Amino acid sequence: MIKAILIFNNHGKPRLSKFYQRYSEDIQQQIIRETFHLVSKRDENVCNFLEGGLLIGGSDNKLIYRHYATLYFVFCVDSSESELGILDLIQVFVETLDKCFENVCELDLIFHVDKAGLAGAPARAVSAVKNMNLPEIPRNINIGDISIKVPNLPSFK
Amino acid sequence: MKECMVRLIYCEMLGYESSFGYIHAIKLAQQGNLLEKRVGYLAVSLFLHENHELLLLLVNTVVKDLQSTNLVEVCMALTVVSQIFPREMIPAVLPLIEDKLQHSKEIIRRKAVQALYKFYLIAPNQVQHIHDKFRKALCDRDVGVMAASLHIYLQMIKENSSGYKDLTESFVTILKQVVGGKLPIDFNYHSVPAPWLQIQLLRILGLLGKDDPRTSELMYDVLDESLRRAEINHNITYAILFECVQTIYTIHPKPDLLEKAAKCIGKFVLSPKINLKYLGLKALTYVIQQDPNLALQHQMTIIECLDHPDPIIKRETLELLYRITNGQNVTVIVQKMLDYLKQSKEEYTIINLVSKIAELAEKYAPANEWFIQTMNAVFSIGGDVMHPDIPNNFLRLLAEGFDDEKEDEQLRLYAVQSYLGLLEEEDAVYPQKFLQVMSWVLGEYSYIINDEGDPEVIMTRLCKLLKKTFVTSETKAWIMAAITKIASLNRGSKTVDKLIQEFSTSLDTCMRQYAFELKHLCEDKDLMKNLLPRDASCNDMVVDASLSFLDGFVAEGLSRGAAPYKPHHQRQEEKLSQEKALNFEPYGLSLSSSMSSSGFTGRQSPTGLSFGSDVSGNSTEMGQKEMSSLKLDGVKKLWGKDGYLPKKESKTGKEDKLEAVPPGSTLGGNMVDHPLSEADQEVVSPSEEEKEKQQLASTLFVGLASNNAVSLMGKADTTTQKFKRKSKISETQNSEEAPSIQYDATLSFRPLPEAQSNDNENIQSTEHVRLRKSSLSSSEVLEASVSFKRPQSLTEAGLDAKLPDCRLSPSSLFADNNIEVFQPSQVIPSVVASKASLIPSLSEELANNPHSEAVELCSCDTLAVNLCKVWTDDCLLLVLFVANRSSSALKNVNLVFENSEHFKIVEGLSYHFPVIKAQSLESCQKSVQMEKNCMQEILVGSLNYQLEMETGLEFSVTLSLTDFIRPMKITTEDFGKLWLSFSNDVKQNVKMSPSQGSLSIALNTLQQKLKLHVVDIVGNEGLVACQLLPSVPCLLHCRTHAGMLALWLRSPCSALPDSLLYQCQKFQLATRRHARKQIHCHSSP
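So the protein sequences, as listed, match chains A and B.
Position one of the first sequence corresponds to residue 1 (this note's numbering), numbered consecutively onward.
Position one of the second sequence corresponds to residue 1 (this note's numbering), numbered consecutively onward.
The reader is advised that the hints may include incorrect statements.
[What the hints assert, rightly or not] In silico contact screen, one side only, chain B against chain A (beta carbon under 8 Å); selected entries:
1. Leu14
2. Gly15
3. Leu46
4. Glu50
5. Ile199
6. Asn235
7. Ile236
8. Asn275
9. Tyr278
10. Glu304
11. Asp307
12. Ile313
In short, the hints are calculated from the structure, not lab data.
From a predicted model like this one, the values you see are computed outputs, not experimental measurements.
Where a beta carbon is used, it is the ideal one built from N, C-alpha and C, also for glycine.
Here chain A stands alone, though its shape is the one from the complex (with noise of 0.2 Å):
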């Protein structure tokens, strides 16, 4: 089960975020303060795993991340993930944003937040990823293509 989806800059500035339980915007605030911390000590040439947060949930979890230019994405998740999927699963997170975008880059999560096809592509990720119907997102870059040349029938997925 994946608990929560982040993304923040190198600064640790948090730039999308979705909880799967229920935290209170503190503590939403303060995980990914911890989680920032905890990525950023690390080298580039180590391993992308972590273990051990103490925030969600304790133990079990694991937090997964990749950086990419100025952004970390980080998927916190529990033992019943496999952590190479998941890996994957950022990959085809941040190729369906650059789909989106052509060429994304920080400043379009900046910008172009209001943009409702920005505000659904990572929902919908994000929403066949809580679902863990993962063998969907290759289908789901197309829709967000069709969103992008199409303005007015954005994704409704």
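Given chain A's structure and the hints, the job is docking chain B onto it.
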């Protein structure tokens, strides 16, 4: 509005409060056009959580959208349902979503399945009835729908794998198709077909095949295929490989698959990619228990990983080492762990590692000094974050010891010395837990070093601690307790006087309290000696649980007119039965609270921590004291002498073994002697690093050296552990078991001296390490086999003894009922006996149930009707045999029961036999239910047939209440709950016959005659439960008292207790008469 909502989402994400906008999100979802609806739903799913009150406002919108003809709206509604939905509103949308499972669009079907998955997660009971539809979804022609249903299955199989074994084949087929590339091309990811789907399926197969050879067999082929296909170098294929390997090791093993999997693990571990290395280590950790050889193959890689720059890899390696720890490599492994512990800063890591080290140290400690030093390190690093069990266990170990007084003494002596040394350092800051441990040990055992150390010195050191600012008040309490203990052993000391003086005026009420206590105790030395005996931490403390010393107080209270105390449940009962009666609760409550508070003093005083009179201080103080005293209690558990003897022996046995080891390899020897110097050695000679590593490897994997040794080592270890466990249990259960275990232990360790002498000979030649090890292992073979035989045979004997019981139990319900139950073949009505073909006999499935003999109801020249009662679990079956005695076939035979107000025949009153051949037997069965309570009633019926003229035969069947009583199997707890909830009760005393003096005999007769279920028997009270079919429960509470059996029945049905009581009395009387007759018979000759 839409724009605002998106901005609001952004604000919320950045951590600002935006709850003011939630309601607008819901409104937007309700009223907007499609796009706005979309944003509204999105915002709702991001803002709200499952229990949010506003979510209820969304339900109506969702229902409306689900019914919409617009596909997009339906989709959105289903999406939001699958993300977030209030549990109590599920019934409102469930039928709608069920309908959607048949929708023509696959995306709708898929989303419906997802929504149902969500429902299954939050309320599994509500979707129980649609499990069939899940199966349909699994066979859906669209892959997406099928994939979605897999999530539900994964979850369900996780909870109960045995229920879905029949689906294994389907899963295997699906996986085969996926692996074979039969899916549409859009499901490919980097040219791998639906990788996540594969992962999911492999997981499911792993769960299904666990410990089940037959199911596992089905999946060997497909696993092999997946392993073979997944060889392209890409991340996602590795993910599949990893899942495959895990599945292969989970299911029933197959050698050549295991071999392939092992190869895969090797690839992972040796991979330069760090992620794969991590996974490889994880896989190794997972398989190490099954196949320790694998670790041997990769030992060099593991050693490299120990020095890896990535702390995560390091930790994973330590985890792996933790799994392979045994008595021989424990020092090295623990040293490695401590090194890592010193570097790490994360709280989580520390907690985790500290508990592991403590566990290993306790389990495998080779020497006292090493043990104490390791624990010191653990306490000083882990200190404040560690689990409280660790210090408690440590103290218990010290207090209880291993039965060998000298050994214990040494351990304690060493502990005391090392703590004194630690306290000597002026500015050292230790964690609170460590200080608490120190002060307890010093308080209990400082007398050991009295010869060389002055108690004054110890006390001054402890006093110094009291003045330090970093010491918390809880720790101060521990320290004060220690000082009190030390003071009790010595007459008048200046330090104590000074201490009392200083803290009598302390602002901290708690400390002041302690100071006063100490002062009082010092004035009365005898009392002090009594309270705080030397080395008595293991003695059992007798606590007067019944609070008998309060009897006087209670009597006084009663004489002053207070109501007698009633236990809680009794009060509750009274409240239930007589709502309007006077409420006695306040009296009861105040009495109980005063009792508990004075009880508190009573319980406290034996520990010497407080005086009864002093307790009326403030409440925090009391809490504080209770805390500390409770902890001490935890430590002071008594062990029966016999209880821990075996443990001790296993311990020393192990130590013997260890002492034999060190000379084997020089490095190993050094390390046992100076655990700390090992690290230095490594640093000194970097040129020999490689060699060092190899040596390190040899020490690390020493226990795993040869195949034999490995597996046997593992087993031998578990047996010794079992001894420990057992001895603990035996202490609590009964002491009878202890001698036998002790016997096992001595038996199992007897071969050891021989093995050791063997070792000593071999030790001379240090090159022959392997040889020596193998001999060691052979000794372990012996040991293991010996130690194994005994417990097994013991348990087997135990099993045998149990077996007859087991065999009896299923049938015992009715089998004992031999008066009424007959095999029909045994007793045959004489009339029919001559005609073999007309003997009524029950079909096999019915004959398995308890049943009565066949009784002839009526007969004439042409026909005979026999009846057999069958008591099945859920009804009473009347089986009627109609035998045609004539030589011509009978046509149109009708059997009709008359309507009765008491009974109901489920299948209808009449039965029609179209034809009964000559000289043959036909049967019909009717299940009967009791409509109205009665003792005994008659069911009348008639049989009509046409031969030459219409003829009728009348018959009657007598049915009694007992025919409809069935045992009700419930637990004592359930009994208690039900008891309170039933309103109708009847009490009656029945005389018991002298022959059935004990309650259990009386209950047994009831059980046999009335088919009751005996729930529990406690002393002279018994609990019995039964139910009147279909499902009216009745509970019985029996109590024997001076030859009388007091019966107390309760049931939700008003008439049932009365009639049941009547039956009880009847049977009681019958047995009494029977008994009396027997007595007469005995006396007359």
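Right, here's what the structure says about each hint:
1. Leu14: 6 Å, holds
2. Gly15: 4 Å, holds
3. Leu46: Since chain A brings a Cβ to about 7 Å from B/Leu46, closer than 8 Å, the hint holds.
4. Glu50: Constraint on B/Glu50 satisfied, holds at 7 Å.
5. Ile199: This interface hint holds because 5 Å falls under the 8 Å limit.
6. Asn235: With Cβ-Cβ at 5 Å, under 8 Å, it holds.
7. Ile236: Status holds, d = 5 Å.
8. Asn275: 5 Å, holds
9. Tyr278: 5 Å, holds
10. Glu304: Where the cut-off is 8 Å and the nearest Cβ of chain A is about 15 Å from B/Glu304, the hint is violated.
11. Asp307: 14 Å, violated
12. Ile313: OK, holds: B/Ile313 within 8 Å of chain A, min 6 Å.
The structure shown violates the earlier hints numbered 10 and 11.
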